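Asker: Assemble chain B onto chain A, guided by the hints.
Single-letter residue listing:
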Amino acid sequence: MLKRLTTLAAALLVSTALHAEPVSGGRANVVIQPEPPSLMVGLVQNGPTQMVAGNIYEGLLRYDNDLNPMPQLAKEWEVSEDGLTYTFKLHENVKWHDGEPFTSADVVFSADQFLRETHARLRTSLEHVESITAPDDYTVVFKLKQPFGPFLGIFEVGTMPMIPKHIYEGTDYKTNEANNTPIGTGPFKFEEWVKGSHILLTKNEDYYEEGKPYLDEIYWHVIPDAASRAVAYETGVVDILPGGSIENFDVPRITEMDNTCVTDAGWEYFGPLSWMWLNNREGPTADKRFRQAVMYAMDREFAKSALWNDLGKVSTGPVSSSTRFYTDDVNTYEYNPDKAKELLEEMGYDGETVRLLPLPYGETWQRWAEAVKQNLGEVGINVEIVSTDVAGWNQKLAEWDYDMAFTYLYQYGDPALGVARTYISSNIAKGSQWNNVEGYENEKVDELFAKAAVAVTAEERQEIYTELQKILTDDVPVAWLLELGFPTIYRCNVKDLVTTAIGVNDGFKDAYIEK
Amino acid sequence: MLRFILMRLGKAVIILIAILILNFFLIHAAPGDPAAVMAGEAGAADEKFIADLREQFGLDKPLLTQLGIYLGGVLQLDLGFSYRQQMPVADLIFDRLPATLILTLTAFVIALTLGTIAGVLASARVGKWSDTFISTLALLFYATPLYWAALMAVLVFSVYLNWLPGFGYETVGADHEGFARLLDIAKHLILPATTLGLFFMAVYMRMTRASMLEVSQLDFVKTARAKGLKPGIIQRRHIFRNAMLPVVTLAGLQAGQLVGGAVLTETVFAWPGIGRLMFEALAQRDYNVLLGVFFVSAAMVLLFNLITDILYRFVDPRIRVG
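Quick mapping for you: the protein sequence lines, in order, are chains A and B.
Here UniProt numbering is used: position 335 in the first sequence is 335, and no number is missing along the way.
Here UniProt numbering is used: position 76 in the second sequence is 76, and no number is missing along the way.
No lab work stands behind these hints: they were computed from the structure.
Keep in mind the model is a prediction, meaning the values are calculated, not measured.
Mixed in with the good hints there might be a few duds.
Claimed, not checked - With a Cα cut of at most 25 Å, we get these calculated BS3-like pairs of lysine-lysine: (1) A:Lys95 - A:Lys75; (2) A:Lys430 - B:Lys61; (3) A:Lys212 - A:Lys75; (4) A:Lys430 - B:Lys48; (5) B:Lys61 - A:Lys396; (6) A:Lys174 - B:Lys61; (7) B:Lys48 - A:Lys165; (8) A:Lys145 - A:Lys89; (9) A:Lys165 - A:Lys203; (10) A:Lys174 - B:Lys48; (11) A:Lys75 - A:Lys89; (12) B:Lys48 - A:Lys145; (13) A:Lys470 - A:Lys313; (14) B:Lys187 - A:Lys195; (15) B:Lys222 - B:Lys128; (16) B:Lys48 - A:Lys396; (17) A:Lys451 - A:Lys143.
Unchecked claim - Computed far set for chain B versus chain A, every beta-carbon distance over 12 Å: (18) Leu2; (19) Ile15; (20) Trp129; (21) Ser135; (22) Leu137; (23) Ala143; (24) Arg206; (25) Leu218; (26) Arg236; (27) Tyr312.
Using N, Cα and C, we set each Cβ at its ideal position, and we do this for glycine too.
Same shape as in the complex, but just chain A (with noise of 0.2 Å):
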């Protein structure tokens, strides 16, 4: 017996009916910042370069903003019920970039090759599977060694992108030539990349879905200054601003301005959650009640107020509210410094001294650090602000020496593809700024998220994980912030531009401008 899961390629078409036609025709520019170190996204996963690849590259399947699989590459997809095997039916006219034909060989090669090599989470994610085969061209069958929950979840085109075979089986991947110039299956292909100044990628006539992409081009300009990203919207240049592409103190005046939209979706894929971490071995951090009394010391909704002009959430947990198996029905930590103050005095805190680093992202991380200092202060707890750059930044969280350090990490739609590292014991190891680096140890909490990642059904799963919550916001291991919201700032007449949990990094095959 087959599962068929394809019924909501089905509702997507109906909603798009109502809107207005999609015209064909002109060009979306863009903000990139930082400029991507590279554009090929097998190789290379940071934010720029997820944004731009999205275009260029695909993966097997995207994601609506309720994280529910839509059809990519893969017009549709079954599951066996014991959770074992995937089966994939590819689409049959996709073309790569370069003429040839795309088939299930470029996936068993991507996925069992060369991601697995280059890619650091999807590698994590790969060790459930057995084997990777293609029984013919437009077929590819994943067998599991044992169920995995997320599995459906890995293959949009930040995680899985497929890679051509044609052009990387047999080279040295890092230093193949082709890397310059990105061969996709994606809605646009590359075109220019003037270092310093933009990326230019132009419309794919031979695009398998009829009518896409509508755009017949995108600039992606590089600007290195957040004033002057601001500057370029306000004065034309560019029309979309990708979420914390402007500082947030911007956010207001640029959001006033005629014919512009903004929209905080885009992002539930990633789920962007904000903490600090705190250091679990040593100095008063290592003691529960001190963290719990950061958590109850901090007016986070404060911060998300004045600091990120009330886009996001105030988290409550380790796990997003737009994440799947999310519960709230968790020990919640309300603005209280009395509590806080009690908690202090009962542990004998001291008033040592601890370091704070906060993000070497932009001034509203700065600002947030000086609010919890102050925040803190007020409790009795004395907080050093620690200034670093990135580089510097990195590499004191992967040597843990630091006291509390803000941080914000992606979920990626599923406990145990971005939650369960931050937790787990076996995580814990020097030199990594993503893993358990507050050096927590719960044997429960380890066994737990190792059942939950392999329970059959969702019903145990939600079960697992709402008793790992419940756990984890009683030891407070890291001080939960906020769940971010990063605003995609839009000329109104640019349509469609937002429709997939992933957001901007999904691509603009949708996207088209109003005339």
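Answerer: Okay, now just chain B, sitting in the frame of chain A:
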């Protein structure tokens, strides 16, 4: 003269290598390395990922070996490879160099000509209201932080008046050709070059004015006056020519900075030059690019110092090189 130039060139090479070695250790002393930065930006990384990057960048080798490899490359005029940008460093720098040269050279010319003219005018009308006006203006330019001036210029001329583009090198996607393109670039050049030139314009003005006044008190000028020469000729031939010496010294110093001196302006105005390249390379710990930019800038400084020394001879034939 030739022997002098050769000796100076020989010394320059030794200084350059010393600068390179010093820079190499300074850069490596900063916390974090390019592999950690790239892994950090990727949003997820395991130890294998970072170890692979380090191996690819050659960062797994001992520091002295890395230095040896780098210096060996430089001696063969190979500035290394930027893994970050996937391009040879020399290509990166020479792609970006013209933009920086256009910007800084324009700023330099604006600063030098306007500064000297204003200085001469002020000295000729010393104590009068026009002198006060020019001097006050110079003081204002001298004291204004560059980034503030840059932002205000953009705000006024780009956002409110919409006369000039606020950033960029040319209109992206306009595909201008020939003269239209030149005009387009020139328009983009006005704001960054002017803001970059303001500070030095003030310096030249003040220096020219002071120097002119000083020279005009010297005996040979008095003699010239006593001989009954026309004031215009005294100003041009006797005072100006001698007063220019300190200005030339300073201009030589500034010219040396033409290559690397526009970090802030290039960043604010999104000007695709090597000042910005250097700034970004610093944030990304892109060692080879940083060293490459330092190398080229240092070479330019040495070269311009040499040129300045030679120029002295033309300004004042009494000065001997050696």
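Asker: Within 25 Å, alpha carbon to alpha carbon, are Lys165 (chain A) and Lys203 (chain A)?
Answerer: 23 Å, holds
Asker: CA of Lys451 (chain A) to CA of Lys143 (chain A), is that 25 Å or under?
Answerer: 19 Å, holds
Asker: Would the pair Lys48 (chain B) and Lys165 (chain A) pass a check requiring their Cα atoms to be no farther apart than 25 Å?
Answerer: Distance ~24 Å between Lys48 (chain B) and Lys165 (chain A) Cα, so the pair holds.
Asker: Does Lys128 (chain B) sit within 25 Å of Lys222 (chain B), going by the straight-line distance between their CA atoms?
Answerer: Holds, at about 22 Å.
Asker: Is the Cβ of Leu2 (chain B) more than 12 Å away from each Cβ in chain A?
Answerer: 40 Å, holds
Asker: Is it correct that the beta-carbon of Arg236 (chain B) has no partner in chain A closer than or equal to 12 Å?
Answerer: At about 44 Å from chain A, Arg236 (chain B) clears the 12 Å cut-off, so the statement holds.
Asker: Just want to verify: Leu218 (chain B) was marked as not at the interface with chain A; is every Cβ pair farther apart than 12 Å?
Answerer: 48 Å, holds
Asker: Going straight from one Cα to the other, do Lys48 (chain B) and Lys145 (chain A) come out at no more than 25 Å?
Answerer: Judged against 25 Å, a Cα distance of about 23 Å means the pair holds.
Asker: Would the non-interface assignment of Ala143 (chain B) survive a Cβ cutoff of 12 Å against chain A?
Answerer: Its Cβ never comes within 12 Å of chain A, the nearest being 22 Å, so this holds.
Asker: Run the distance test for Lys61 (chain B) versus Lys396 (chain A): straight-line Cα separation, threshold 25 Å.
Answerer: 22 Å, holds
Asker: Quick one, are Lys174 (chain A) and Lys61 (chain B) close enough, alpha carbons at most 25 Å?
Answerer: At roughly 19 Å apart (the allowed maximum being 25 Å), Lys61 (chain B) and Lys174 (chain A) satisfy the hint.
Asker: Decide, holds or violated, for the assertion that all CB atoms of chain A are farther than 12 Å from the CB of Tyr312 (chain B).
Answerer: It holds; Tyr312 (chain B) is separated from chain A by about 37 Å at its closest Cβ, greater than 12 Å.
Consistency note: the structure conflicts with none of the earlier hints.
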